[in-house]
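Going line by line, the protein sequences match chains A and B.
So for the first sequence, the numbering used here puts the first residue at 1; every next one is plus one.
So for the second sequence, the numbering used here puts the first residue at 798; every next one is plus one.
Keep in mind the hints are simulated off the structure, nothing from the lab.
Here the structure is a predicted model, which means the values were calculated and not measured.
Where hints are given, some of them may not hold.
[Said to hold, decoys possible] Some chain A residues flagged as far from chain B (calculated, every beta-carbon gap over 12 Å): (1) R386; (2) G576; (3) L582.
[Said to hold, decoys possible] So, partial list: chain A residues that the calculated Cβ filter (under 7 Å) puts toward chain B: (4) V234; (5) E236; (6) L579; (7) A588; (8) G592.
Note that beta-carbon positions come from the ideal geometry of N, C-alpha and C, so glycine has one too.
These are the residues of each chain, in order.
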Amino acid sequence: MGDDLEGMAEIVAEFLVESAENLDDLDAQLVGLEADPGDRPLLAAVFRTVHTIKGTSGFLAFPDLERLAHAGETLLARLRDGRAEATPTTVTVLLHLVDALRDLLARVGETGSDAGADLEGVLAEIAAEVDGGAAPPAPAGLAGPDADAEAAVADPEDAAQDHAAPDHVADPDDVAGPALGLVPDGAGPGGVHPDGRAGAPDADHDDGAPGRRRGPEASVRVDVDLLEELMTLVGELVLTRNQVLERAAASGDAEVVRAAHRLDVVAGELQRGVVRARMQPIDHVWSKLPRVVRDLGTQLGRRARLVVDGADTELDRTLLEAVRDPLTHLVRNAVDHGLEPPEERVAAGKDPVGVVALRARHEGGQVLVEVADDGRGMDVARIGARALERGLVDAPSLRAMTAEEVLDLVFAPGFSTADVVTSTSGRGVGMDVVRTNLERIGGSVELETTPGRGSTTRLRVPLTLAILPALLVTAAGQRFAVPQNGLRELVALDAERPRGGAERVGGAEVLRLRGRLLPLVRLRTLLGLDDRGPDEGEAPAGGAGVVAVLEAAGRTFGLVVDGVLATQEIVVKPLGALLADLPAYAGATVLGDGGLALILDVRALARSAREVERPADAAGAPEAADDGTQLLLVRVGPRRLALPLEVVTRLEDVPRAHLERVGHRWAVQHRGEVLPVLDLAEHLGEHVGDHRVEEGSLSLVVHALGDRSVALAVDEVLDVAPAASARTSHLGAPGLSGSAVVAGRIVELLDVRQAVLAADSTFYDDVEERARAGALLPPRPRTSAEAARPAVRGVRR
Amino acid sequence: MTGAERTGAPVRPGPEGRGGSAPRSRTWVTFELAGDLYGLDVRRVQEVLADQAVTPVPLAPPEVAGLVNLRGQVVTALELRRRLGLPARPRTSGAVAPHVVVRDGEDVVALVVDALGDVVEVADDDVQPPPDTLTGPLADLVTGACPLPDRLLLPLDVDALVAPAGTAPSRPAGPSRTDPPRRTRP
């Protein structure tokens with residue numbers, strides 16, 4: 001009957017799915033076995049898995065699969081009965097067995113048959129291990145020494161469980177059923193201790209244990225598409241609820257309001273329920289990692305142990321998929337770059353076996369996933385050198401960077417510290433891709449390292465993607481949604497001041513925010529909503545606007561909007577094909593009043609912000625170097641000078657009268673500290689004046705590194721401009737490192753290092769000595785608490 | 798307010814249009830654009846809408862009028878005059894432009910037109926090749942010409958109409974071609 005054939009195909013399909021899952025667990029179990037060869041429950045679990053595959057493949061008539069599983073079972077039986085020990089070699093052979101089984105199952109999935117694969121290699125390997133594994137006989141075997149594979153069913157644990165539900169056996173479908181319906185029972189941390197999985201029913205035994213399936217009410221398999229559909233519907237419901245709530249409140253009908261509130265509660269619960277139904281424990285991704293660590297460790301001569309904590313932490317299955325590759329990459333990195341070879345570890349007084357730790361937990365509405373190693377940590381000096389070598393940064397900028405900023409360079413595209421390109425790492429796409437993947441799903445990556453003690457990478461992953469909290473803003477009368485994960489703070493511009501207190505330096509607008517210069521982009525300008533030029537594109541009627549401080553793609557910037565309406569949970573709707581290539585938007589959403597709002601893509605805005613900062617100057621050199629170098633233009637006497645914006649920590653204006661003579665140098669008291677000041681006019685031989693008797697004020701360009709700062713005094717800060725390509729030409733003048741063409745005029749490039757040393761001859765000593773010694777650079781102290789923190793952190797969101 | 802009575806009219810396919818017993822004719826949903834009558838295959842038309850709030854999409858290609866909320870679904874609205882390279886619709890007082898909603902696979906696109914016409918059935922034998930005097934986008938989008946008793950109906954190719962710029966079948970550059978580079982920077 002056709003139904004039978006169809007039923008058979010279904011059974012085979014289910015068998016493939018189950019077996020694939022079981023084999024994934026086997027990887028972890030075998031690695032666990034290597035660590036503890038005497039773990040009998042673990043051995044029994046491994047044995048049962050292989051035995052199940054053997055039994056079912058016999059029943060479904062896959063002879064090669066059966067033969068292979070049988071060979072593996074024979075070897076496993078020896079281990080289980082104590083006739084042999086699970087040596088690393090044995091485990092390697094067993095892992096090969098798992099691979100071969102996986103290949104065969106894939107073959108069955110593709111061709112419907114298991115015939116044609118070359119099994120001789122792995123069979124011979126297994127046979128050799130069975131013959132060679134001479135070991136003491138079992139002291140107290142579970143079964144006699146001659147017990148063959150079928151002994152599994154005599155396993156007391158199995159037997160007990162099997163008797164729990166001894167029903168329907170006769171029908172072949174039912175006999176197959178239990179073998180196929182082995183629901184994985186959420187294996188514990190790392191999948192190392194699966195609780196007695198699945199009695200293996202043999203067709204010729206009557207112990208077909210269908211009761212293993214804990215009853216259909218305990219768990220069901222649900223089609224992923226159905227879950228997606230449910231999620232979409234819940235999204236619609238949330239939107240409808242928003243609309244009903246808005247209208248009910250306006251209606252004044254108490255009955256309607258009550259019903260609306262009830263709808264609110266129910267919709268909220270339903271949303272949480274469906275979100276939870278889509279959740280899977282992170283162990284689904286982690287279970288593959290013990291084997292990754294083992295294989296890579298063996299290959300690279302590292303001894304590594306994987307410890308896991310929080311394997312049952314759940315997150316949305318699509319997000320789980322998104323972190324799969326980043327996690328694998330980070331674990332590989334930890335073994336390859338993090339952990340030292342055993343002898344080096346012993347020399348350093350550490351356990352020769354390195355620890356790679358995976359930790360997961362819920363924190364603040366997000367899932368925090370950590371990959372930590374206790375290896376050598378990251379060498380900031382070496383990272384800087386590599387970044388320089390790769391041309392990711394230039395020397396002056398690098399010198400001006402704090403340790404955390406240098407550490408952050410590992411996230412730059414094209415960065416790789418591996419000295420040789422290997423199959424496992426060194427392709428220069430690693431951390432960059434990790435960060436990109438995480439940001440794409442609204443997450444973030446942080447890196448923390450302590451030299452000699454190890455590194456920790458922290459991934460922050462949102463709980464779900466489909467519904468996200470967003471800030472509703474307005475620009476030119478239109479509403480837009482800004483996802484909150486990139487939002488750091490909101491700052492109101494001052495309506496009393498021109499341009500709301502923002503300053504214009506050349507083509508770029510900046511806001512001084514707590515001593516730092518925050519580049520601003522105006523949403524109106526960015527979206528072309530303002531037909532007036534960007535210079536007049538200021539204050540909308542009734543206020544100066546609000547700056548949303550956003551962080552994405554490695555940079556922080558301020559997005560100027562006309563107003564902020566509310567925060568709201570929004571449902572992301574994709575844009576149609578006609579609009580799909582607009583980078584500015586991540587989608588659209590339906591608002592409570594039925595109107596639509598475009599969802600801004602903060603990453604894309606960050607990129608546009610960079611472009612707006614460097615507008616092509618029609619009069620100047622259109623060939624501006626596209627390396628992102630920005631110059632700060634200053635006036636010193638009659639001369640125009642430029643210095644890389646990267647070295648500028650902040651700008652200050654001080655009355656000339658505040659400058660004080662300290663020996664033959666100048667200094668100014670600033671926030672209770674003495675800040676050495678170099679008068680650039682003096683430095684460049686323009687004039688020697690006595691500030692104390694002069695009127696007016698000076699501009700100070702403050703350069704900070706580590707916990708030290710110096711200020712360069714200039715007459716005026718003129719502009720910020722992109723560096724032109726001609727900047728390497730040398731004039732050979734003292735105090736200068738070259739010249740550049742900016743907006744059609746030649747400006748002199750200040751040799752910042754020389755100038756800083758003239759102000760404070762020991763300025764770089766601390767930092768460079770420590771960097772040379774490979775010790776850590778202290779983070780720039782912003783608060784005393786931060787300064788006291790032992791580890792260096794680079795934060796990227 | 799001419800044609801206001803008709804804008805809300807439901808589209809009723811002729812019985813022959815979906816019967817399949819008479820494959821020798823096709824049914825067209827007709828509408829007006831700049832004084833001419835155009836038609837879309839009724840099988841591709843999901844519905845027609847009278848009045849829709851259109852949310853503009855800054856930076857979008859010029860032929861995109863914006864987004865409309867179609868019962869919770871976010872649908873792109875295409876300004877058909879601009880898509881066809883016709884002069885912009887004069888901003889006459891109070892006239893609402895109806896939308897013809899067409900299906901494009903999974904996607905749905907709303908086409909903004911001047912006014913809706915009738916649903917007409919045309920025998921295949923009555924369809925003539927498109928006039929070769931058409932220029933610009935029209936030359937690629939008009940698939941034929943059907944003389945009706947009182948005027949000429951120009952059927953349009955839905956697939957080519959809603960294909961994003963760049964993926965549409967190549968069309969010769971005409972003077973009225975509406976494909977200026979997108980404004981990425983003010």
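Quick rundown of the hints versus the structure:
1. Separation of R386 of chain A from chain B is adequate, the least Cβ-Cβ distance of about 34 Å exceeding the 12 Å criterion.
2. At the 12 Å boundary, the C-beta of G576 of chain A falls inside the reach of chain B, the nearest C-beta of that chain being 4 Å off.
3. Interface exclusion of L582 of chain A from chain B breaks down, the closest Cβ pair being 6 Å apart, not more than 12 Å.
4. For the restraint placing V234 of chain A at the interface with chain B, the shortest Cβ-Cβ distance is roughly 12 Å, beyond the 7 Å limit, so the hint is violated.
5. Checking E236 of chain A against chain B: minimum C-beta separation of about 5 Å stays under 7 Å; hint holds.
6. Taken as an interface hint, L579 of chain A checks out: its beta carbon lies about 6 Å from the nearest beta carbon of chain B, inside 7 Å.
7. At about 5 Å, the closest approach between the beta carbon of A588 of chain A and any beta carbon in chain B falls short of 7 Å, and the interface hint on this residue holds.
8. The beta carbon of G592 of chain A comes no nearer than 12 Å to any beta carbon in chain B, farther than 7 Å, and the hint placing it at the interface is violated.
In the structure shown, a violation is registered for the earlier hints numbered 2, 3, 4 and 8, in ascending order.
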